[in-house]
Every structure is written in C-alpha cells, then in structure tokens.
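A.B. asks: The chain contents come next:
Number of protein chains: 2
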Amino acid sequence: MSSETYSTFAQRVREIYTARSVEALLDWDLETCMPPKSAEHRANQLALIAGFAHEKLTSDELGSLLEKLAGSPASDDFVAATNVREMRRMYDRAVKLPTDLVRRIARSVALAKEAWVKARKDSDYQRFAPHLQGLLDLKREVAERIGWKTEPYDALMDEFEPGAVAAEVHAVFEQVKKELVPLVAAIKDAPRQPDLSILERPCPVDKQKEFNRFIAEALGYDFQAGRMDISAHPFCTSTCPHDVRITTRYNERYMPSSLFGVMHEVGHALYEQGMDPQHAATPMADSVSLGIHESQSRMWENQVGRSRAFWRHFFKPLQQAFPSLADVKLDDWVFAVNNVRPSLIRVEADEVTYGLHIMLRFDLERRMIRNELAVRDIPQAWNDNIRKLLGVTPKNDAEGCLQDIHWSGGTFGYFPTYALGNLYAAQFFAQARQEMPDLEQQISRGELRPLRDWLREKIHRHGKRYRAGELVQTVTGRPLSHQPFVDYLNAKLRPLYGLGDRGQVTGDK
Amino acid sequence: MSSETYSTFAQRVREIYTARSVEALLDWDLETCMPPKSAEHRANQLALIAGFAHEKLTSDELGSLLEKLAGSPASDDFVAATNVREMRRMYDRAVKLPTDLVRRIARSVALAKEAWVKARKDSDYQRFAPHLQGLLDLKREVAERIGWKTEPYDALMDEFEPGAVAAEVHAVFEQVKKELVPLVAAIKDAPRQPDLSILERPCPVDKQKEFNRFIAEALGYDFQAGRMDISAHPFCTSTCPHDVRITTRYNERYMPSSLFGVMHEVGHALYEQGMDPQHAATPMADSVSLGIHESQSRMWENQVGRSRAFWRHFFKPLQQAFPSLADVKLDDWVFAVNNVRPSLIRVEADEVTYGLHIMLRFDLERRMIRNELAVRDIPQAWNDNIRKLLGVTPKNDAEGCLQDIHWSGGTFGYFPTYALGNLYAAQFFAQARQEMPDLEQQISRGELRPLRDWLREKIHRHGKRYRAGELVQTVTGRPLSHQPFVDYLNAKLRPLYGLGDRGQVTGDK
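From first to last, the protein sequence lines are chains Z and X. So the first sequence is numbered by numbering that gives the first Met the number 0: it starts at 0 and just counts up by one. So the second sequence is numbered by numbering that gives the first Met the number 0: it starts at 0 and just counts up by one.
Please note that the accuracy of each hint is not assured.
Estimated spans, in silico, between C-beta atoms of each pair [to be verified]:
(1) E54/X x I404/Z: 35 to 41 Å
(2) S1/X x R88/Z: 42 to 48 Å
(3) K394/X x S2/Z: 54 to 60 Å
Derived from the structure by calculation, the hints contain no laboratory data. A virtual CB, placed ideally from N, CA and C, is assigned to each residue, including glycine.
Given only the sequences and the hints, what does the whole structure look like? Please build it.
C.D. replies: Structure, rendered in structure tokens:
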C-alpha cells in the first residue's frame, strides 16, 4: 500500500465524514434550536451538504484510490485495512444505486410519510397500503442491485447491521421467543405486582434536569465533549468524539421517562465519546452497526440503570432531589422501574415485551420482502401475531400495524437492530461481570467508571475494525446467543414478581 | 438574457449562498453551543464548507454563466440585474486573489493573532509590529490585485463597504470631527452630569432575559424566525430571512449592557428578517454593506432606544421588571443612558466619542496603506491623535494602538463602516421623521411597528439592489452628510447637559 496513495485516500475519507458530520449538526439544530419558520431553508442546506458528501463518496477519484489500495497487502496495518474495507463497502452501496432510483425512493417516502400520518390518525390502513406497496417494490429493487446471498432482506438489513444474515437472526429470535412468551404470561399472573403510582409522583422539571446531569456525569459522560438539550424525540448525535450531544424531554408527572431516557442516550454517547480521536472522521472512529450502538444504550439503561445494585447507591440522591419520593422504599422503586406488562405500542413497551414487538415486525418484514405476505394481509397477520406473542389485541390498525413511522420511510431491516441491541447488551454485560468479579459491588458504590472503561477498551475504541458478529465473538469468546439475555431477565424479574425458578414456571404452562 | 441560462445561474448562486449559510450556522453553534473540546473538528468542518463554497464561486461554470449573462440587456429586470452584478463582483474578487496569497494571509493572520494577544497582555508593541508590517504588505498586494481608482485603501474598504471611496468618507468624517470635538469638550465641563450609579443597580439575570425578550418583540423581532442565546461577544447571524439569531451576555450589576446590546442586535436582525424570502440565498436578499447593516442596529439602539420618547412608554415596564429601579426618575434614567465621556477604549465608548475613536483608526489605516505612516511610528501617532480628539492619553499601548483585534486579522478598511453606520442611521431616521410626522408620538406610545415597516419597505426588502451611497440618495433624496448625525446629537444632548444652543457653545471654545 503506497503511503502517498493511502494518505490521499484518508484525506478524501475525512472530507466525506466531515461533510456528514455537518449534516448531523444541521439535523441536531433542526431538532433542538431551529426557529420554526426556517424548515424549508434547512431542507435546502441538508440537501446541499448531502449532495456534496454523495458526490465525494461516488467520485471517480475515490473509486480509483480504492482500486489502487485493493491490490496492496494491508493485513499488518489494521487501521488502514479497516478504513479501506469500510469505504469500499460505502462506495459500493452508493454507486450501485442509480441516482434515479434514489430520487424515486425519496419522492415515494415523502408521499408515504404524509399518507401514513393521516392513515394513522384515522386508523385507515387502505390509505397507506398503496404507498407501502410502492416502497416494498422499490426496496426489492434496491436489494437486487446491492446483491445478497441468502435472501433479499439481508441486503436491506445490511444497511443498518452490516454482515447480518436474516436466517441467523431469525434462529436466535426464535429461541428468545420460546423463553420470553411464557415469562411474560407468568409475570402477568404473578402473585406480586409493582405499585406504578410512585412513578407518577410530581418531580419539578428543573430538578429533573439537575439530577439527569448528575447521573450522566456519574455514568462517565463528558460534558466538555457534549451537551444535553430538549427535543420532541430523544436522540444522540455525534459529529466527532469530542462533540457528542444528547437530548431528552421532560414530564413533571412521569420523571422516569427522562431519567431512563438520559441513561439510554448517555449509553449511545459513551460509545461515540469512547472512539479514538486520532481516527476521527474515518471508519476507525465510527460505530459498528445500529445493533451494537443500541447494545451500549440498553446496557446503561437496563443492565445498569434498572439494577438493584445501581439504586443501592443512587436512590438516596434521587430522594434528595425529589422530596415527593421521600416515603418510597428502595425495593418498591426497583420493582416499579422493572415493571413488565404486555401492551400494544412498541415505544411504550418494557424491556421484556419490547423484543417481542420487534420480532413480530422482523417476521412480517421478511415475509413482505419475500412476497410471501401481501400488503392487504398485513393488518390481519399483525393482529394474529401480537395476540400469540403478548396476548393482546389491537382495537384498530392505529394501535397495530400503523403505529410505527419506519415503513413509511421505507426502512425495512431496521427493526431487528433494536432487539439485537438487547441481546448484544446482555452478552457483553455477562462477559464484563465475568472479567470484573467486583462489578456489582462497584456499581452499588456508584463507581461506574470501571465498566465504562472496560467497554471503551473492548468495544468503543475499535470503531469499525470488527463487524458485529466478529466483535461479539472477540469480546465474549462465542457467537451471539439468546442465553445471556434470557438469563439476565429471569434472574432479575423472577424474584421481583415472586415467581419460582425458570423450570418450575415453564412447567406450569 | 436567456431564461434557461439565468435559471442555471440562479441555482448556482443559491448553492453558494446556502453553503455560506451552513458556515454561518457552524459559527453560531461554535459561539453558543459547541462543547469546548471540539474546536479542532469545528475548524475542519468550517474549512471544508468554506472550500466548497469557494470552489463553487470560482468555478469555470459560474465564470462562463456570468460571461453569457453579461452581454444581455437586463435593465428591465432589476432582480436579475442585481444578482448578476453582485455575483460578478464576488466572482471577480475571488478569482483575482491567487490561492497562494489567500493561504499566506491566513497563515500570517493566525500568527499575528497569537502575537497580538500576548502583545496586548504585556503592552509590548514591538512584539506585534513585525506581524503588522507583514499584514500591511500582504494587504497592499491584495489591493493591487483587486484594483482601485483613487487609492489602494479603497480596494480594502470595498470588501466591507462596496463602492465606498476613502477620500469621500474622509471629507464627511472631517465635518463630523469639526462639530463633535467641541461638543465632547463642552459636555465634559457641562454644568449637569448624569448619576451613573443607577445603571449599576442589581437586576437578576432571569428578569433581564425576560425583559429583553419583551423589548425584542416590541421592536418587531420575530421569534418564530429567530432566537436569542448567550455568547461571550454579542452578535447576529442570519442563515436566511426565516432564521436570524441574536446573542447577548448578562451582567447582574450592569443591566444596560444586555438591554442596549439586545436592541442593537435586534436592529441587525430586523434588517435580515426584513429581506424578501422569495429571493432567499441570492444577493437580492443580502445586506448592502457593513455600514448599512450597522445603521440598522444603531438606529434601534440609539435613535429609538436612548430616546426620551421610547422611555416614556417603556420605563414603567422596566421598573416593574427591576424593582431596584423603583425610585429612579424617568429623566435621570434617560440622562444616564445618554452619558457621554471621553475614554480610551473604543468598545466602551458612547454614541458621540465612538465615532471619534473610529475616525482616528481610519486616518491611521489610510496613511499606513499609503506608506505614509511607518509601523514603528503608529503608537506615537495614535497617542497624539487620541489626545487631540478626546483629550485623553493612554498610559500604554494596550490602552492605545494594541486595543483592537482588527489589525491582527488584517482587516484594514473595516473600522470606517462603524462610523458610517452612525451617519446613515441619523440620516435615515431624520427622513423617517419627515415622512412620518407622527413617529415620535408612536414611539412614545410603544408603537414601533410603523418604523420597522418603513425601514423594511425603504431599505430591507431591496437587498443588494442599491449600493450604500445610492441607497442613501434614494431613501433620503440626498447624498450622505454629517449634518443629520450632528443635529441629532446636539438636539438630544445639549438639553440633557444643560448646554446652550450650538452656536453659543462653539463660540465659547
């Protein structure tokens, strides 16, 4: 690999990533700061910068640099090898899709989103159906152009979870379902149930802000390289490891929403802040996949933030911040924040049922892309499946197959990354416990830095060096499995709900 | 003018302006939101977008579009004519400066700024002198490449005040000096002096924010197309007429700083919000010059914000917002906010002495660029002149010729726009009073919309259609004159300070 060629290549790569980081900032500003009247100009700014980045990515210059670098032995330099491999992937995906197809998708998405908003409002699936049909056709074309080995859905999932194979994901998800469906049913009829009213005690927004800041810092979030703002939908945006911003929203009568929301976004942010700054604006300082990203947010929100150990230390500060919780017992708080209840709406779901919501969507999407499920049959298939998985039935399609924005955006293959995140999180966390026997004690003393640093060393600082499956194997010594996730949920929830051990309850059913 | 050629041209123009608006947002974010650690990445983002805009501006495509459009008769379409003329000017200025010269300037500026910071800190002019010499040489080269008619300084001033001629500016400034130097001296020895301690009464920052918002809205600022934040140095940024943001800073023990600062920035913002949105991202929705921009901020801050009429309406709300002012009399407040006092530091100067600070710099800069004043002689020339104009003597160069950042940035020709702004403001305001006989009564009833709308119709909505001199002529029916400014100051200040009419006091001296 000629060092001059590589250095020109690296310069082009940094330009592409930097342009995208400008897009990210424009988006952040749009969600948090932008005056309402300037939506149109912002759309023009975003289109201009996106076009600039796309031109750079699909340029003949980058293409020929990649050609030159492909022939060189680079295995001894994993930084260069990673950057070349990942840019090759980005370049290939970008040049394989003709501009006309990209434009047709953008146009269809714009119309589909508009139709979806109205369809959901009136629970009128027929209004949305033709748009969904059009997007499925377009996305099948995308899959064909990108190419796939096992099934077209792989090519779509690959955009969000590079290298993922639907059949393998399916196999793991089936194992999860087999274990969680009976667990959810058992919890529903469990002898003990949490008092959820304590979660609705009034907590002034100013105090919530202050406490969230305290928690974010305790988790290891660096406010010198980030900030926390308010937006309608919470998110995390990174422009470089030194500028990673999170948002939340506040409800005076439901404080856990922002509290756990912030822990979730901080989890995303620690991943981005943990990238190696010397590789900024290259794949070596970019996240592996949406699933791995989600594993970081879920781990801090759930494995850490909903654990008894965590609240042994942080419950006192919480009560000091919110006098309305003064008479609440630690046990009741921990039980309440681990509430599990089958529900219809994904975004309101708990840690256990959330995954089942996702698996339902994953199954339907795969069948849709394979042409095994017709658009007109989706509502029925949805309702049948949600009943089987969670024992609940939507009153109408607004509560059913029209609830999510994703399909109107044509983003098939995105949903499974949420559930993969939960599985990765549990497997990584189990490994951390094994390698750090003192971990639970540390957490219960409020010492969260060792876990952050372990994640940084094992996951964050490697950027895109490993694909998700490879990373799981490297960090935990085995491939992705449903077991750590199922074990984690059973170990935490069965005692809370007064259920016997696993075998016993499964036997009951 | 072929409509297809023009429409391609307009598309390129909008791209250039849109890219610059992205730069503006990156700068705004840097000053208000950016986490401290990400300065380096932000510099990369800014350089990338600036380079992109520069490439577009100096592209062969734009050059040949301008060639094609030059031959066409366009005088019947002033929108197209304005856009072509102004893009021609931008293009010419950009292509006349070779990349190497631009880079040498950027490098010299970076070093000069660093040296200036230290030189000012230690009041060590010798440390800064060689950098100043280097920048003067480079800027003389710029002037030669840009071209000039009367003197090289014109080419430099032209960057900030297109079409301005130093000799003409000089003639007007001399008239101003002749009138203001004796006025300042008379005020210094005047029988009545304001009680400035009332300006230092404690005013909680939260209340200041609230009151500033109220005042900004009263002046006609549209918060749906803007926002107000905090920054170290107050400024106004526009990305389009629908996104015009202002900043301020707060001092609990000196409320007038943010109050008048906000009125000043709102003045800038009303100009930008008043542009015609249908011409967004073209010269037809861009400001005429820095001087015209400053005229809008100065008018709202001074002609309106420091007038007795204004406070007849707004003093009660002010006292309600700040109980510490409850016992202050309206007359004492108006007198205090119109305090005039010769001082050494420009940025702390009042409405009268400010202009004299500027004229001193303008004279020195012109002589420096002409090679009539050697770098080593600047401190002495500075001190001699400030004594003549204001009767004060700097203890050292930090209080003298090292006080401003401008020269370390190589921005010779910028200073005069501040004073021009004051002159334009007075002339426009005098015209507004003439055309709206009820103006003072409206202001004293808190009705500020008529003045804003008059400015919008006469100035804002024309964008760059007229050059500054032409605009003054069009709006007021005569060329720029010192008279309205001098008349305005005499009319306001002589009664406050208990001085006789103008002839009388001038006679005293």
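A.B. asks: Does 35 to 41 Å hold as the CB distance between E54/X and I404/Z, or does it fail?
C.D. replies: holds, 37 Å
A.B. asks: Lying within 54 to 60 Å: is that true of the beta-carbon distance K394/X to S2/Z?
C.D. replies: Holds, at about 56 Å.
A.B. asks: Determine whether the Cβ-Cβ distance between S1/X and R88/Z falls within the hinted range of 42 to 48 Å.
C.D. replies: With Cβ atoms ~44 Å apart, the hint holds.
In this structure, none of the earlier numbered hints is contradicted; all agree with it.
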